[in-house]
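Work the whole structure out from these sequences, hints included.
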Amino acid sequence: MTARNETSLSLDAGGTETLIEVRNASVTFDMDRGRSKVMDDVTMDIHREEILGIVGESGSGKSMFASALMDAVVDPGVLTGDVIYHPPDGDSFSVLDLDDEELKEFRWEEISMVFQGAMDSFNPTMSIGGHFEETLRAHDYNVADGMDHGRQLLADLYLDPDRVLDSYPHELSGGMQQRALIALSLLLKPNVLVMDEPTAALDLLMQRSITSLLANLHEEYGITMIFITHDLPLVADLADRLAVMYAFEFIEVGPCYDILKDAAHPYTRALLKAVPNLSSALEEMEPIEGDSPDPVDVPSGCSYHVRCPLADEQCRSTDPGFERVSDGHEAACFYWEDAREEITYTLSDREQEVTFDERR
Amino acid sequence: MSVDKDPVVTLEDVEVQFTNKSLIQTLRREKDVVRAVDGVSLDIHENEVIVLVGESGCGKTTLGKTAVGLQRPTGGSVKYRGQDVWDAKDGNGDVTVPFTDIRRSLQIIHQDPGSSLNPNRTILNSLSVPLKRWYPDMGVDEREDRIHRLLEYVGMKPASSYASRYPHQLSGGEQQRVALGRALLMNPDVILADEAVSALDVSLRIEMMDLMHDLQREFNTSYLFISHDLANAYYFAEKVGGRIGIMYLGKLVEIGAAEEIIRNPRHPYTKILRWATPVMDPDAAREAATEPPMRKIDIPDPKNPPSGCRFHTRCPKAREACTEEVPRLLPADGNGRSEVACFRSESDHAYWNSEPLPE
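Quick mapping for you: the protein sequence lines, in order, are chains A and B. Mapped onto full-length UniProt numbering, the consecutive letters of the first sequence carry residue numbers 1 to 360. Mapped onto full-length UniProt numbering, the consecutive letters of the second sequence carry residue numbers 1 to 359.
For the record, the hints were derived by calculation from the structure and aren't laboratory data. Virtual Cβ for every residue (Gly too), placed ideally from N, Cα, C. Some hints here could point you the wrong way.
[Stated by the list, open to error] A short, non-exhaustive set of chain A residues, derived as facing chain B with CB atoms under 7 Å:
| id | residue |
| --- | --- |
| 1 | D82 |
| 2 | H86 |
| 3 | P124 |
| 4 | M126 |
| 5 | A155 |
| 6 | Y158 |
| 7 | V275 |
| 8 | N277 |
| 9 | I288 |
| 10 | S317 |
| 11 | T318 |
[Said to hold, decoys possible] 25 Å max Cα-Cα, derived SDA-like pairs, lysine to any residue:
| id | chain 1 | residue 1 | chain 2 | residue 2 |
| --- | --- | --- | --- | --- |
| 12 | B | K303 | A | D160 |
| 13 | B | K31 | B | D13 |
| 14 | B | K317 | A | A201 |
| 15 | B | K271 | A | N216 |
| 16 | B | K317 | A | D160 |
| 17 | A | K261 | A | Y345 |
| 18 | A | K104 | A | G81 |
| 19 | B | K317 | A | A155 |
| 20 | A | K273 | B | D283 |
| 21 | B | K303 | B | A332 |
| 22 | A | K37 | B | G39 |
| 23 | A | K261 | B | R274 |
| 24 | A | K273 | B | E174 |
| 25 | B | K317 | B | P302 |
| 26 | B | K157 | B | T122 |
| 27 | B | K296 | A | G174 |
| 28 | B | K239 | A | N216 |
| 29 | B | K157 | A | D294 |
| 30 | B | K239 | B | D301 |
| 31 | A | K189 | A | K261 |
| 32 | B | K271 | A | S173 |
| 33 | A | K37 | B | D201 |
| 34 | B | K296 | A | G290 |
| 35 | B | K31 | B | D301 |
| 36 | A | K261 | B | D283 |
| 37 | B | K271 | B | E259 |
| 38 | B | K157 | A | S212 |
| 39 | A | K37 | B | Q169 |
| 40 | B | K317 | A | L213 |
So, in C-alpha cells, the structure goes:
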C-alpha cells in the first residue's frame with residue numbers, strides 16, 4: 001500500500017518498482033442468506049522481486065485475493081475493481097481485460113500458482129516428467145531446453161531429477177510432490193509465484209525445508225513471491241513484507257521486520273500473542289477473544305471492533321482508513337499508537353542458533 | 001507431576017510391526033515389514049502430560065495407539081495400572097482389571113474432529129452413545145444433564161442449543177471441543193490427543209490447549225499429546241510441567257522435561273526440529289540459516305530403515321560408528337532431566353575416533 005496515489009506511476013518514493021497494482025477490488029457472492037462480500041475494496045501493490053507474506057485466519061479472504069490477482073474468481077463470485085500488471089518489459093495492462101487465450105498465457109508465463117495438496121494438482125495417471133513436457137508443449141516452448149531448466153529446478157529443490165521425472169505422483173511423498181509442483185510452476189520462468197498454503201498438511205520439518213529452499217530460489221531467479229498462509233510464524237523469517245488480512249480486507253501492511261518488531265494494528269498484536277511459538281514467553285501467550293466475523297454480516301465501522309479492547313464509538317461507526325505508521329508501514333486503525341502501548345508482546349529468541357558442539 | 005506413584009500406563013520395550021502381504025507378494029514369498037515402533041519404553045504417570053514429536057511416519061501415532069490399548073504390540077508389553085492390557089483382553093492369567101475398564105480409562109481424540117463425529121446425529125445423540133453403552137441403567141434425564149454439564153465444561157454455552165446441532169453446524173474448533181467432551185464423558189485416566197490442534201487455525205490453538213489444561217485439573221487426566229510442531233509441543237507440555245519425547249523412525253531418540261528439550265536439545269535430530277521451528281524474533285530471524293542443516297531433507301523409507309543409528313543418513317554429524325551400532329537411550333549428563341540416544345552424548349564412545357561420513 002506504499003503507493004496509494006491513483007497515478008499510473010509504477011515507481012514509488014522508495015524506488016521500489018510495482019509489479020501488480022490491485023485497485024478497489026471486491027468479490028461478492030449472492031447467497032440465500034444475503035450478499036456475501038468475501039473481499040472488500042482491497043487496494044494493494046505488489047513490488048517487483050519481493051516476497052510478500054499474506055497472513056490471516058481461515059476465511060479472512062486471503063485465497064480470494066490470490067484468485068483475484070489472476071482473474072480466477074470462481075462463479076458465482078463477481079470480481080469488481082481493477083488489477084493492473086506492469087511487466088518488466090512491455091506495456092502495462094489490466095488483467096481483467098484479458099481474453100481466455102491471453103489469460104492462459106498470463107497465468108503460467110507471468111504469474112504461476114501453487115495450491116496446497118499437490119496430489120490434487122497432478123494427474124495421477126501421468127508421470128511427473130509427463131506433466132513437465134505437456135506444460136512445455138501446451139505453451140509452445142522448446143521441450144529439450146525447458147526440461148533442462150526443469151531438471152535444474154528439481155535439483156534446486158533437493159530432488160533427484162531422473163528419479164522424480166520418472167515417478168508417478170503416488171510414488172512420491174507429500175513433501176516431494178509439493179516440491180515437484182513448485183518446480184513445475186516455475187518451469188516457464190514466470191515473474192510471479194503465488195502460493196496458497198503451499199506447505200499445509202506437511203510436517204514442520206518439511207515446511208521449513210521448503211521455505212528455506214524458496215528463499216534460495218528467490219535469491220537465484222529473482223522471482224516475486226506471494227506466500228499466503230494462516231500460519232504467521234511460517235512466513236516470519238521468509239517474507240520481506242507482511243500484509244495482514246482480517247474480515248476480507250487488509251488491516252496492516254509493512255516490512256516484515258517492522259511488523260514483528262512492533263505491530264501497529266490491535267489485531268496483528270493480538271495475533272502475535274496467540275500463535276504458539278518458541279520466541280514468546282509462555283505467560284504472554286493468550287487467545288484472541290471472540291469469533292471471526294460472518295461474511296454476510298460484517299460488523300459496521302472497523303470490522304475488528306467487536307473483539308478489540310481499544311474500540312470506542314468512532315470504531316463502531318466509522319471504518320478506519322490506512323494510517324501511516326512509518327515508511328511503507330500502514331495500519332487501518334484510529335488508535336494504533338495506543339495499541340502499541342496497551343497490547344504488549346515480546347519476541348526474543350534466546351538461543352535460536354542451531355549449534356553442534358564438538359567433543360566435550 | 002507425581003513421579004513417585006505408580007504409573008498409569010507402562011510401556012516396556014514395545015514393538016509394533018506391520019506386514020503388508022499382497023497376493024503377488026504371497027506368490028513370490030515376499031513380505032514388506034514396517035517396524036513402526038521399535039523397542040520403546042515409556043511410563044505415563046497420573047496427571048502427566050507427555051508430548052510425542054516427530055515427522056509423519058515416525059511411529060508416534062502407532063506408539064500412542066499402543067499406549068491406549070487400540071493397537072496390539074507385536075513385542076514388549078503395555079500395562080494399565082500393572083495389568084497387562086492384552087492379557088486382560090485375551091483373558092490370560094489372573095485379570096485384576098477387566099478390559100472394559102481399561103478401554104474406558106484410555107480415550108482418544110483424533111486430528112480431524114469432523115470425521116470422528118457421525119454427521120447424521122445431533123451432538124446430544126453422539127454423546128449419548130458411549131453413556132448408553134457403559135451406563136445402561138442411567139436414565140434419559142440424567143444422561144442429558146451430564147452431557148449438558150460436560151458441554152459447558154468445554155466452553156459450549158448454551159449447552160442445550162449446541163447439543164441439538166449437527167456436526168456440520170459447528171466450526172472446527174467447536175467440533176474438537178465436542179470430541180474432547182466425548183472423551184471426558186468416561187472420566188478417563190489418559191487421553192491420547194493425536195494432532196488435536198493441528199487442524200485448527202493457528203490463532204485458535206492456544207485456546208484449545210488452555211482448555212485441555214483446565215480440564216486436566218478438573219478431571220485428573222493425563223494426556224499423551226502427539227504433534228509434529230515443536231512450538232505446540234512446548235506450549236502444551238511446558239505450561240503444566242510435562243515432558244517431550246522425540247521420535248525418529250520408530251525409536252524414541254530423546255525425552256525429557258519440555259524446557260530442557262527446547263532450550264538444551266542434545267540429539268542432532270532434536271536440534272534440526274528446533275531449526276525447523278520458525279523464529280519470530282525479527283532480530284534473530286535475520287541471522288537464521290537458510291540452508292537446511294541436514295544431509296537429506298526427505299525421510300528414508302521406513303520399510304528399509306538405515307542400519308545403526310537410523311538418523312545417520314540425514315545427520316550432519318554422522319560418523320562411521322553411527323552406521324554400525326544402534327545408540328541406546330541413556331540419561332543425558334548433568335541434571336538428569338533428559339535422556340538421549342546419541343553417541344555424541346557418550347564422551348568415551350568409539351564415535352569420537354571414527355571417520356565422518358562422506359557427503
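Taking each numbered hint in turn, which are not upheld by the structure, reported in ascending numerical order?
-> Hints 1, 2, 3, 4, 5, 10, 11, 14, 21, 22, 28, 30, 31, 34 and 38 are the ones this structure does not satisfy, whereas the remaining hints hold.
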